[in-house]
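First to last, the protein sequences are chains A and B.
Following the numbering used here, the numbering of the first sequence begins with 1 at its first residue and continues without gaps.
Following the numbering used here, the numbering of the second sequence begins with 1 at its first residue and continues without gaps.
By construction, these hints were calculated from the structure, which means they are not laboratory data.
Among the clues, some could well be false.
Claimed, not checked - Distance windows between CB atoms, simulated: (1) B:33 / A:183: 31 to 37 Å; (2) A:101 / B:94: 17 to 23 Å; (3) A:36 / B:41: 55 to 61 Å; (4) B:125 / A:210: 50 to 56 Å; (5) A:154 / B:68: 22 to 28 Å; (6) B:105 / A:19: 56 to 62 Å; (7) A:15 / B:2: 49 to 55 Å; (8) B:5 / A:8: 47 to 53 Å; (9) B:125 / A:202: 44 to 50 Å; (10) B:102 / A:165: 51 to 57 Å.
Stated by the list, open to error - Which chain B residues face chain A? A few, computed with CB under 10 Å, are given here: (11) 27; (12) 30; (13) 73.
We put the beta carbon where it would ideally sit given N, CA and C, even for glycine.
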Amino acid sequence: MKKIRLFLIENAVVILFTTLIAAAIPVSGLSWRFLAQEILFRLGRNTFLVVALILPIMAGMGLNFGMVLGAMAGQIGLILVTDWGVVGLPGVLLAMILSMPISAILGVLCGSIMNLAKGREMVTGFILAFFMNGLYMAFVLYAMGSIVPVMNSELLLSRGYGIRNVVGLEGVRQALDNLIPLRIAGLRVPVFNYLIIAMGCVFIVWLRGTKLGQDMRAVGQDRAVAGASGIPVERTRLVAIVLSTMLAGIGQVIFLQNLGTINTTSSHEQIGMFSIAALLIGGASVTKASIPNAILGVILFHLLFLVSPMAGKNLIGSGILGEYFRQFVSYGVIALALVLYEWKRVAQEQEEREHLRGVAGGSA
Amino acid sequence: MKIRSLIQRTALFLGIVLLSVYLYHAGKGHTLLIDTRAITVDGVEFSAPDSIAVSVNGSDEEFMGRAERLMVDVMGPRHRIRIEDLSGGIGIVEAVFEIPTRMRTAIVSVSAILGSTPKVLWVAEFVPPPREAAAAEQMQFQEPDAPPGATSSTP
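Sequences and hints are given; from them, build the entire structure.
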């Protein structure tokens, strides 16, 4: 009985959302073929971003809200590539390469600040993303076209500097998705995206086995013990954030090449929240996350995204309520995961105290 | 930092820079204007056949007449063009040409290719004609009290 209770507590979020989706799919009236095609695409588009969140959790830094910084770097890479007129697969790869140094610098900044705010990394990352958003806006809306040369006048605002609100990525649109055309039972499968995601997953699995990966896990379990045993705690945490930010930059390039358009001022804003929500729906927590959590989370989160507007329309007669519902869910699941984490932590501490009392009582 | 580590990092950095340069060169997009107008080289006029079918890099064939332009978007510097003379005079001609990376829009002369002129004459940079101010822009510079059609001397 205790085992079942423990299982239910551990997987409360996954069970809740699976039940919700299972109930909403028939109500939505959407066909299985449509849902399967959408999930195949969305899995290829979003999973890399979610996988990018695993390393900071491994290093005990919680959910990296600072991944938005990497997304900004990815967008700058794509804007530059569009300006230079580099198209197709080379354009996407070049955008990824260009995003890397920018996201590495932003990652160092983010990691350094998080090292100053140990134990409060999530809220720090969240606020830092807002702060960096201001700098990003200043760069994109003022520096580009005035300080940073932009050759393609179609990208610029009518005043002569600053990037337009919407940048079309016609040159690189679905360059990865269509690279290896494969159809299974009439469904298009973005094979190359899956290969890149697989490479990201292999990188994380490989990193876990290295000295650096072991250090990250040790730091994640107990900073004080890790520091006492000679592990450079702050450097390890910094590396985890830098890698996560760089992976987020690459993930944002994959995400946007699929959409085929950048909303210069807002494409990066929601990505942190949605990726974190997806990871949490997949069964991850603030202290524990794995690749299966990321994949399951993307499937469940996007199924909910797909079915909730139609389910809302069919149930209540208003699709917009379903839309509000899915917005509510993405924020709500983060709150729920944080509450569950805190509740479990308090319960564990209480259990430990009772255990110690019992031991002390027994010995007296 | 150890020398070996420094060398490894420098090599990695240089490798990434070289890869970026290669990707830029190989992925640079160009707009080709396939042009069937006649050209004159050293006093000799070369003209395209009345009717041709053109295909660039194995794309679907497009039909063109004389003095026409066809727009094709391509990637990278090296391209293969296949020209079929539908009037039956020349038959099929296949040629490979290169576009300089800096050139965004290039005019590819079918007449020069079919006339077996030197390769430098096949491709020329497209220079857009000077842009005339749109009606709305002309109105912008109009004096408030000026009669319709009169424009300010200083924009």
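>> Please check whether residue 27 of chain B passes as an interface residue: C-beta within 10 Å of a C-beta belonging to chain A.
In response: holds (3 Å)
>> Holds or violated: the 44 to 50 Å window for the beta-carbon distance between residue 125 of chain B and residue 202 of chain A?
In response: Given range 44 to 50 Å: holds, Cβ gap about 46 Å.
> Given residue 30 of chain B as an interface hint, is the shortest Cβ-Cβ distance to chain A below 10 Å?
Replying inline: OK, holds: residue 30 of chain B within 10 Å of chain A, min 8 Å.
>> Quick check on residue 73 of chain B please, does its C-beta sit within 10 Å of some C-beta on chain A?
In response: holds (8 Å)
>> Range first: 47 to 53 Å. Now tell me if the beta carbons of residue 5 of chain B and residue 8 of chain A are that far apart.
In response: Since residue 5 of chain B and residue 8 of chain A have Cβ atoms about 50 Å apart, the given range 47 to 53 Å holds.
> Falls inside 17 to 23 Å, the C-beta gap from residue 101 of chain A to residue 94 of chain B?
Replying inline: violated (43 Å)
> Given a hinted range of 31 to 37 Å, is it respected by the beta-carbon distance of residue 33 of chain B and residue 183 of chain A?
Replying inline: Given about 36 Å between the Cβ atoms, the range holds.
> Does the Cβ pair residue 36 of chain A, residue 41 of chain B satisfy 55 to 61 Å?
Replying inline: The hinted range 55 to 61 Å holds for residue 36 of chain A and residue 41 of chain B, with Cβ atoms some 60 Å apart.
> Between residue 102 of chain B and residue 165 of chain A, does the beta-carbon spacing fit 51 to 57 Å?
Replying inline: violated (29 Å)
>> Between the beta carbons of residue 125 of chain B and residue 210 of chain A, is the distance compatible with 50 to 56 Å?
In response: holds (51 Å)
> Would you say the C-beta atoms of residue 154 of chain A and residue 68 of chain B sit inside 22 to 28 Å of each other?
Replying inline: holds (26 Å)
>> 56 to 62 Å was suggested as the range; check whether the CB atoms of residue 105 of chain B and residue 19 of chain A agree with it.
In response: Since the Cβ atoms of residue 105 of chain B and residue 19 of chain A sit about 57 Å apart, the hinted range of 56 to 62 Å holds.
Hint violations for this structure: numbers 2 and 10, all remaining hints satisfied.
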